[in-house]
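Colleague: Here are the chains, one letter per residue:
2 protein chains.
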Amino acid sequence: MKLRCPICGRTYEKPVQRCSCGEPVEFELFEGEPYIGKGVWERFWDFWPVEPVLEFSLGEGDTPLVKSRLGGEFGVRLYLKNETVNPTWSFKDRGTFLAMSYALKAGYKTVGTVSTGNMAASVSAYASRFGLKAKILVSESAGDEKLKAVSVYGGEVIRVLGDYGRLYFESLKLGEKLGVYFMNSDNPFRIEGYKGIAFEIAEELTPDYVLIPTSSGGLFRGVAKGFLELYENGLIDGLPKLIAVQAEGCSPICRAFKEGKAKIERFENPKTIAKAIANPYPPSGNAVLKLLREFGWGCVSVSDNEIRKAQEMLAREGLFVQPASATGIAALEKLDLPEGVKVVSILTGSGLRTLKDAPAGEITECPLETLKDCLRST
Amino acid sequence: MKLRCPICGRTYEKPVQRCSCGEPVEFELFEGEPYIGKGVWERFWDFWPVEPVLEFSLGEGDTPLVKSRLGGEFGVRLYLKNETVNPTWSFKDRGTFLAMSYALKAGYKTVGTVSTGNMAASVSAYASRFGLKAKILVSESAGDEKLKAVSVYGGEVIRVLGDYGRLYFESLKLGEKLGVYFMNSDNPFRIEGYKGIAFEIAEELTPDYVLIPTSSGGLFRGVAKGFLELYENGLIDGLPKLIAVQAEGCSPICRAFKEGKAKIERFENPKTIAKAIANPYPPSGNAVLKLLREFGWGCVSVSDNEIRKAQEMLAREGLFVQPASATGIAALEKLDLPEGVKVVSILTGSGLRTLKDAPAGEITECPLETLKDCLRST
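Protein sequence lines, in the order shown, are assigned to chains A and B.
Using our numbering, you'd call the opening residue of the first sequence number 306 and step up by one each time.
Using our numbering, you'd call the opening residue of the second sequence number 306 and step up by one each time.
Do not rely on the hints blindly, as some may be mistaken.
Identical copies look the same in the list; a pair holds intra-copy or inter-copy alike.
Okay, derived cross-link-like pairs now, SDA-like style, lysine to any residue, Cα gap no bigger than 25 Å in a straight line [claimed, not checked]:
#1 647 to 599
#2 576 to 564
#3 580 to 661
#4 595 to 347
#5 414 to 560
#6 482 to 665
#7 319 to 438
#8 438 to 374
#9 595 to 324
#10 580 to 449
#11 478 to 542
#12 580 to 459
#13 677 to 415
Hints were generated in silico from the structure; no laboratory data involved.
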């Protein structure tokens with residue numbers, strides 16, 4: 306087991322969570338080959354940093370890749386990787402399952418995370434499934450209704466009064482002292498779990514572009530590492546171009562990328578409807594920035610109006626996603642990609658979790674007696 | 306294409322929706338064999354009454370079968386068929402996709418359904434995906450927030466003022482006149498789509514019992530027909546015992562079964578938290594009753610308290626379902642099954658759709674300064 310800091314290059318023999326330079330660490334590239342198997346965990350058995358505890362899997366991963374007719378509007382061949390059909394209805398389950406497998410094997414009795422949304426629900430659910438206790442640190446302002454979808458799984462939900470932004474590092478520090486394994490947004494095992502998205506895409510097609518809603522940078526790094534491992538192992542002939550997509554109202558990575566800076570800076574006063582990707586100081590921001598430059602990839606930011614429009618376009622094709630999950634489609638409008646290229650956009654989480662922000666359609670009334678007329682009208 | 310009334314035996318050469326005797330019709334048993342393929346539609350290609358329009362599939366079906374440790378508490382081997390990870394997060398998508406495939410091929414431009422919940426969302430979504438218009442007839446009392454998750458897909462949501470109970474037959478009658486294809490709860494194509502649940506279960510194990518939340522009877526009949534076709538085609542050695550599960554507050558089928566009646570009667574003043582299975586006069590009630598008697602199967606009703614407890618037990622294993630979807634586990638408590646038998650319980654829909662009814666867990670507060678103590682406490 307060897308981890309490396311992608312920024313300063315320092316290596317570690319144990320699964321630390323961060324490099325001493327403050328940046329994230331990651332497992333070195335794995336070598337291996339795919340097998341025949343029902344689940345993604347089995348088919349890519351060689352590529353995980355810890356043996357997946359399949360007995361506690363909830364069937365995460367192996368999500369559909371749906372061909373979208375929206376591609377026609379943009380002159381590309383568009384495919385949607387629908388991560389909203391994971392066990393707790395977001396991509397987080399892939400990372401949570403793998404990080405939980407490690408926590409169990411390493412002997413932890415309690416795990417934790419810092420999140421109010423998808424990741425909170427995911428960690429709460431899998432902790433119960435694995436028979437571990439969970440401490441879910443949520444922000445002061447999180448609504449009771451939203452937290453119900455987290456606490457229902459049995460994890461202890463803790464509203465932290467104070468600067469929520471400090472919690473990422475604070476939780477790792479305290480967790481290490483107290484023997485609580487925090488699996489935050491870019492935890493090294495979590496990142497490895499997200500590789501499955503790249504593996505599954507590659508089983509079906511070789512994309513030219515992959516659009517990735519980007520907040521902490523964990524998902525982006527996971528998908529990138531997945532494609533890199535496929536490439537380095539000779540399983541695909543070339544790397545797709547990965548595009549990090551952020552909301553204009555909170556786009557620290559895109560801003561630093563555009564301005565040619567080596568490091569991201571905190572994005573002051575973040576404001577966007579895409580709350581799931583509204584991290585103002587992403588812990589993997591510099592690592593993502595480095596990947597974008599190294600491989601000539603891209604970063605695109607989209608406005609709330611563009612996000613709303615994309616969310617509606619997706620719903621009108623049968624896929625109801627969170628605002629954050631629609632950013633990839635919103636980006637398509639701006640990217641002006643070459644005619645006919647193959648594009649995959651990752652739909653990260655279910656719209657049911659953010660029902661309040663959903664674009665409402667038309668609702669009419671009709672007395673039973675005149676139903677015939679109501680059905681006839683178009 | 307041949308359909309038959311399971312009650313009076315009359316046959317039809319065209320896909321009518323109901324027999325002239327008022328009962329549902331169903332396709333005769335299909336003959337065939339399974340193939341190797343990625344999706345359930347391809348693997349069981351011989352068994353569908355219409356060619357599935359795979360180009361418009363959203364990846365419905367092929368849901369995980371999750372081994373549950375709850376089995377230990379009841380002395381059985383328990384597996385959960387997690388239908389909450391379908392594209393609109395309920396089992397309805399399987400039936401909707403197949404019925405929509407028929408509607409498209411038959412040349413309909415508009416489809417409809419009578420539902421306020423899972424089926425409404427499913428038909429709204431797939432109609433948009435297939436490029437058809439949808440008329441979704443909902444009850445007067447349905448809340449705006451709940452309907453958002455339906456209208457977002459683009460279907461026209463119509464609040465019908467008047468006796469909602471009359472709408473099932475009224476919509477079929479008007480639909481036929483106006484050329485609107487209504488795919489209600491026990492539409493014959495819908496039933497065929499649900500067979501996939503049985504097929505997928507049989508690919509993994511041979512259950513002794515299958516627990517099925519039962520409202521209109523459509524899901525029950527579909528799963529039953531799936532196992533019957535497997536059996537008649539020599540693909541399984543014996544039939545599992547199917548158990549229809551209803552809520553005590555609305556259990557017309559269990560009541561008629563227990564009282565030895567040949568026909569169900571309307572259940573007056575239905576009242577249960579399991580709203581997705583609260584049909585007081587199920588259109589396939591008599592057909593289900595006949596199946597139960599013919600094969601020596603069973604019907605169990607469970608109280609709201611038992612449902613709540615089961616919902617919590619499932620959430621504490623990582624699966625957050627609607628109250629209706631927890632009835633199978635609630636039934637386990639009452640069934641007193643033989644030691645060690647293999648039981649599959651079908652989890653029909655996501656708990657996110659009924660968040661208000663979810664059992665809330667503990668939420669505490671903690672100032673950032675004392676976080677260490679909050680993390681330490683158990």
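Colleague: Run every hint past the structure and note whether it holds.
Modeller: Each hint, compared with the structure:
| no. | hint | in the structure |
| --- | --- | --- |
| 1 | 647 to 599 | within (22 Å within a copy, 53 Å between copies) |
| 2 | 576 to 564 | within (21 Å within a copy, 62 Å between copies) |
| 3 | 580 to 661 | both (12 Å within a copy, 22 Å between copies) |
| 4 | 595 to 347 | neither (31 Å within a copy, 43 Å between copies) |
| 5 | 414 to 560 | neither (40 Å within a copy, 47 Å between copies) |
| 6 | 482 to 665 | neither (47 Å within a copy, 30 Å between copies) |
| 7 | 319 to 438 | within (23 Å within a copy, 57 Å between copies) |
| 8 | 438 to 374 | between (44 Å within a copy, 17 Å between copies) |
| 9 | 595 to 324 | within (16 Å within a copy, 67 Å between copies) |
| 10 | 580 to 449 | both (17 Å within a copy, 23 Å between copies) |
| 11 | 478 to 542 | neither (42 Å within a copy, 58 Å between copies) |
| 12 | 580 to 459 | both (24 Å within a copy, 24 Å between copies) |
| 13 | 677 to 415 | between (60 Å within a copy, 14 Å between copies) |
In the structure shown, a violation is registered for the earlier hints numbered 4, 5, 6, 11, in ascending order.
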